[in-house]
Amino acid sequence: AQKVTQAQTEISVVEKEDVTLDCVYETRDTTYYLFWYKQPPSGELVFLIRRNSFDEQNEISGRYSWNFQKSTSSFNFTITASQVVDSAVYFCALTETSGSRLTFGEGTQLTVNP
Amino acid sequence: KAGVTQTPRYLIKTRGQQVTLSCSPISGHRSVSWYQQTPGQGLQFLFEYFSETQRNKGNFPGRFSGRQFSNSRSEMNVSTLELGDSALYLCASSFGDNNPPNEQFFGPGTRLTVL
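From first to last, the protein sequence lines stand for chains A and B.
Under this note's numbering, residue 114 is the last one in the first sequence; the count climbs by one each step, no gaps.
Under this note's numbering, residue 229 is the last one in the second sequence; the count climbs by one each step, no gaps.
There's no promise every hint is true.
As the list claims (entries may be wrong) - Listed below are the simulated DSBU-like cross-link pairs for lysine-lysine, each with C-alpha atoms no more than 30 Å apart in a straight line:
1) K70/A x K3/A
2) K38/A x K171/B
3) K70/A x K38/A
4) K127/B x K171/B
5) K3/A x K171/B
6) K127/B x K70/A
What the hints contain is simulated information worked out from the structure, not anything from laboratory work.
Quantities reported herein were computed from a predicted structural model and do not represent experimental measurements.
Model the full assembly from the supplied sequences, consistent with the hints where possible.
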């Protein structure tokens, strides 16, 4: 069975601080895909990134960066110079090759204070 | 390009009633998935429809059902509502390719309250 764990329930930072959201996953599949989604107060989940299990290269997109480490089954997400608009719930998710069924973590509520 | 739309946005029902939720995917997307989000259980997969066929199913009782039409629009039905069915129901659409799986685009959700 697949499982995604986001141990940080809530994080509160002050604007311009860097913040890292942790994600640890479990799967028996050798091929799988990891995702991060953002859920602002409006409720709609916004896709941020997809990474496959064969690509451990870290990725940077503007203020966002992702660190995928297969050895520790982790896919962490860092926001550099956080902004108030980054305040949201962030979800890490996992799916195997054969389907679009996403297994989500519990989510991390990020609050960025001015 | 219009995003995923869900109707209604809010719904209040009483125990024992049934409810139908609707989802219109992004144009060109053939896969529609449904998720239930509650404070206690988080985000849980209900089922996925692709080309009018249920392709994947989560661990929910038979009271939860769905269907997809030829234009890819999907409906989800919950019969004999229970208090625990109160949740945000999210619909997601994608092109439906599974190798690799496409990213799913979510709608704003339908907030169902069961009294």
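Outcome of the hint check:
no.: 1; hint: K70/A x K3/A; result: holds (15 Å)
no.: 2; hint: K38/A x K171/B; result: holds (24 Å)
no.: 3; hint: K70/A x K38/A; result: holds (23 Å)
no.: 4; hint: K127/B x K171/B; result: holds (25 Å)
no.: 5; hint: K3/A x K171/B; result: holds (17 Å)
no.: 6; hint: K127/B x K70/A; result: violated (46 Å)
Consistency with the previously given hints fails for number 6 only.
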